[in-house]
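Position chain B against the provided structure of chain A, taking the given hints into account.
There are 2 protein chains.
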Amino acid sequence: MQKKYLMTPGPTSVPTDVLLAQARDMIHHRAPAYTEVLREITARLKKVLGTEGDVVIFGSSGTGAMESSVVNLFSPGDKVVVISVGYFGDRYAAIAEEFGLQVIKLSYPRGSPADPLDLEKTLESHPETKGVFITHLDTSTGVENDLEAFGRLTNPRNVALIVDSISGLGSSPLYLDAWNLDVVVSGSQKAFMTPPGIAFAGISSRAWNMVERSRLPKFYWSYQKSKDAYNKPIPQNPFTPPVSLLVAFNEALKMVEKEGLENMWSRHRLLAEATRAGLRAMGLKLFATGGWGNGVTSVLPPEGVDGGKIVRMMREEFGITIAGGQGDLKGKIFRIGHLGYVDRLDIILTLAALEMTLARLGVEVELGSGVRGTQEVFLKAEG
Amino acid sequence: MQKKYLMTPGPTSVPTDVLLAQARDMIHHRAPAYTEVLREITARLKKVLGTEGDVVIFGSSGTGAMESSVVNLFSPGDKVVVISVGYFGDRYAAIAEEFGLQVIKLSYPRGSPADPLDLEKTLESHPETKGVFITHLDTSTGVENDLEAFGRLTNPRNVALIVDSISGLGSSPLYLDAWNLDVVVSGSQKAFMTPPGIAFAGISSRAWNMVERSRLPKFYWSYQKSKDAYNKPIPQNPFTPPVSLLVAFNEALKMVEKEGLENMWSRHRLLAEATRAGLRAMGLKLFATGGWGNGVTSVLPPEGVDGGKIVRMMREEFGITIAGGQGDLKGKIFRIGHLGYVDRLDIILTLAALEMTLARLGVEVELGSGVRGTQEVFLKAEG
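Chains as they are written, first to last, in the numbering used here: chain A, 1061 to 1443; chain B, 1061 to 1443.
With the rest of the complex left out, here is chain A (with noise of 0.2 Å):
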């Protein structure tokens, strides 16, 4: 007998309520039974993301919203920004290249935060700039970028700032309205512990004003064909959505709602720090130098020791998936996620069984060691 956990920047774990609202019967997706679904998970994504503007969805990973907001407000040939701290960061540059847009990328070491005043400069030598891609937390690494800051540069310039925060939603604050941000995609499978398959994209009024003016080709992400739809008498979606997906995300985000937004934020911080300062206390170099986000912790393997191994045998012997390098990172980190349906004791025992591995790879570190030290964040939080 051995128990299962998901311990991953996502797919994150998903509550047992959640995973069996997906079980109830199928509904059709033009009728009342849905449209109230779709009504509620609107509504409850608005406040998620900070904004009084319209909320798309669509079937689809995380990647196919990144897509959407390329092709549905730049033309060939647009100068843009993409922001990269990582592996979704060059992903964001890797779209937008391949739609023909006019890509300046500013790359960070990874591990690192990007720096504002880099990209003041860029915009000052490069006025023509029509957007900005930039990650919110880049999971390959769990350092996130500080986007109010970046918000302030762009939005007098009137530069759309296009986030990925489908890691980053949840687990940290995010205003999509206050900080100008224009468009924020997301999805279904990280914070808000539903299984993957819905993305979402909340859409400020200048980025619309960018849709009317685009010309590169779109069908299936179009932003204006779901506007239309959910505008219609009975709100629907254009094409068939993941019915039984949605209606499991509507049951996540009441339990989001339940435990408050900002609670949520606290708790993923609290989570972070506690899985930080553990991983410190049994002797590990964290891999990330600053600028950490709240979903995921980057850890570099004790001298001599392969990440694969470690994530291996976390698993086999132990039951826990934890993540491990992407791209240029494979073998040289792993990655603990903490993002979604995690709490206190699930930091605990995935520290317990990393000790556990460790001493079985011949490393030695002290029985204990890690689980005071998230045991000490606990209970300084509480106290």
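Just so you know, the hints here were simulated from the structure itself, not pulled from any lab data.
Incorrect hints may appear among the rest.
Pairs involving identical chains hold if they fit within one copy or between any two copies, as the list cannot separate such chains.
Said to hold, decoys possible - Taking lysine-lysine and the DSSO-like style, the derived pairs with C-alpha atoms no more than 27 Å apart in a straight line are:
| hint | residue 1 | residue 2 |
| --- | --- | --- |
| 1 | Lys1292 | Lys1064 |
| 2 | Lys1139 | Lys1181 |
| 3 | Lys1392 | Lys1285 |
| 4 | Lys1314 | Lys1064 |
| 5 | Lys1318 | Lys1345 |
| 6 | Lys1292 | Lys1369 |
| 7 | Lys1064 | Lys1392 |
| 8 | Lys1139 | Lys1285 |
| 9 | Lys1345 | Lys1369 |
| 10 | Lys1278 | Lys1318 |
| 11 | Lys1287 | Lys1106 |
| 12 | Lys1139 | Lys1278 |
| 13 | Lys1106 | Lys1278 |
| 14 | Lys1369 | Lys1064 |
| 15 | Lys1287 | Lys1063 |
| 16 | Lys1390 | Lys1165 |
| 17 | Lys1285 | Lys1390 |
| 18 | Lys1190 | Lys1287 |
| 19 | Lys1287 | Lys1390 |
| 20 | Lys1292 | Lys1107 |
Okay, now just chain B, sitting in the frame of chain A:
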């Protein structure tokens, strides 16, 4: 207490085992447990599509997979023929036009199938045609096109034949390899009795050759990215797939395997014949004039009765969701789906409820006549 019945052409009713398979603990999409699911689904889909070629899987509705066939095979300005017998043929034309293809549209009156002779003439006068798009079963009317006959025209001319079999696959025979089809797109939520959110495409070697030359931009829909991810040492999807839906889809495909594909086709044919016999026995007129497929039956409401009213009363009074007309046919027809997880008694109860609905609406109808019409077909089939 009112039980619910989903008798639409999709999403269709989902068996409890498939519903509950969604509720299993979430697994990570790069971990071995998921790989096994992906391998099994891929193998099963190849059988269902009648192909030894590649199958790619998307988290999206069927429309997403339709878009994928346009952006993966073609380049702006390419000449294509779109054969339309209804709402979904029109959709393929709209997608192809949106992406800059030069579209010759062969439109047929709603309720009639396409005539291969027309395509033959068109291909003779437009020898530069690169592809032909066709709907297998157009659920807007229930009419099915003879794919094999069209494949005999396109194959010797080395023209790609691209098939929307979202609703046809599983309800009628289709053999991708033997009929020389090049791309067949379909989805989870029709004959395959799984919730919506998964689309897939079978791809011929001719189609792969076209993928290499295509200049339309693509990222989420890229067939090449799917193939590359599947061919990694651990087969996977390029982007986070809808894991819980895929686990459920695999269960449904196991049920298909158990029933046997040929038996599944026969069951759908029998249910379609019984539905039509029953409707005629009630004195109703069917909408299509020929070329019926097996997935859905379109019906003309009795003189002076709005189709929408019938749909509403069936749902509100009897808990049965059937479908109204789409686009131009709104209010003018109603549609009964018999697709997926449907057996003889579902047809009988639906016609019984329809008899009562019509009686309530003041239509002169002999109670039991429709039911008797279906019973006769069912009894004869067993004899």
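Evaluated hints:
For the homomeric pair Lys1292 and Lys1064, the shortest alpha-carbon distance between copies (25 Å) is at most 27 Å, but the shortest distance inside one copy (44 Å) is not. Taking CA atoms no more than 27 Å apart as the test, Lys1139 paired with Lys1181 passes inside one copy only; the shortest distance there is 15 Å, against 46 Å between copies. Taking the shortest alpha-carbon separations for Lys1392 and Lys1285, only the inter-copy value of 25 Å comes in at or below 27 Å, while the best intra-copy value is 44 Å. In this assembly of identical chains, Lys1314 and Lys1064 lie within 27 Å of each other by CA distance both inside one copy and across copies; the values are 25 Å within and 25 Å between.
Proximity of Lys1318 to Lys1345 under the C-alpha cut-off of 27 Å is found in neither arrangement, the shortest distances being 36 Å within a copy and 53 Å between copies. Taking identical chains as interchangeable, the C-alpha atoms of Lys1292 and Lys1369 lie at most 27 Å apart only when they sit on different chains, with a minimum of 19 Å there against 54 Å within one chain. Taking the shortest Cα distances, Lys1064 and Lys1392 sit within 27 Å of each other inside one copy (25 Å), while across copies they are farther apart (54 Å). Proximity of Lys1139 and Lys1285 under a CA criterion of 27 Å is satisfied in both settings, with 26 Å inside one chain copy and 26 Å between copies.
With identical chains, the CA atoms of Lys1345 and Lys1369 are at most 27 Å apart within one copy only, with a shortest distance of 17 Å there and 68 Å across copies. For a Cα distance limit of 27 Å, the shortest separation of Lys1278 from Lys1318 qualifies neither inside one copy, at 37 Å, nor across copies, at 40 Å. For a Cα distance limit of 27 Å, the shortest separation of Lys1287 from Lys1106 inside one copy, 14 Å, qualifies, whereas the shortest one across copies, 37 Å, does not. Taking CA atoms no more than 27 Å apart as the test, Lys1139 paired with Lys1278 passes in both settings, with 19 Å inside one copy and 19 Å between copies.
Taking CA atoms no more than 27 Å apart as the test, Lys1106 paired with Lys1278 passes inside one copy only; the shortest distance there is 24 Å, against 29 Å between copies. Taking the shortest Cα distances, Lys1369 and Lys1064 sit within 27 Å of each other inside one copy (18 Å), while across copies they are farther apart (51 Å). With identical chains, the CA atoms of Lys1287 and Lys1063 are never at most 27 Å apart, being 44 Å at best within one copy and 33 Å at best between copies. In this homomeric assembly, Lys1390 and Lys1165 come within 27 Å of each other (Cα to Cα) only inside a single copy, at 23 Å, whereas the closest approach across copies is 50 Å.
In the homo-oligomer, the alpha carbons of Lys1285 and Lys1390 lie at most 27 Å apart only across protomers (19 Å), although the nearest pairing inside one protomer, at 40 Å, exceeds that limit. Within a single copy, Lys1190 and Lys1287 get their C-alpha atoms as close as 23 Å, which meets the 27 Å cut-off; across copies the closest is 34 Å, which misses it. When the C-alpha separation of Lys1287 and Lys1390 is checked against a cutoff of 27 Å, the pair qualifies only between copies, where the shortest distance is 21 Å, while the shortest distance within a copy is 41 Å. For a Cα distance limit of 27 Å, the shortest separation of Lys1292 from Lys1107 inside one copy, 22 Å, qualifies, whereas the shortest one across copies, 40 Å, does not.
Consistency with the previously given hints fails for numbers 5, 10, 15, ordered from lowest to highest.
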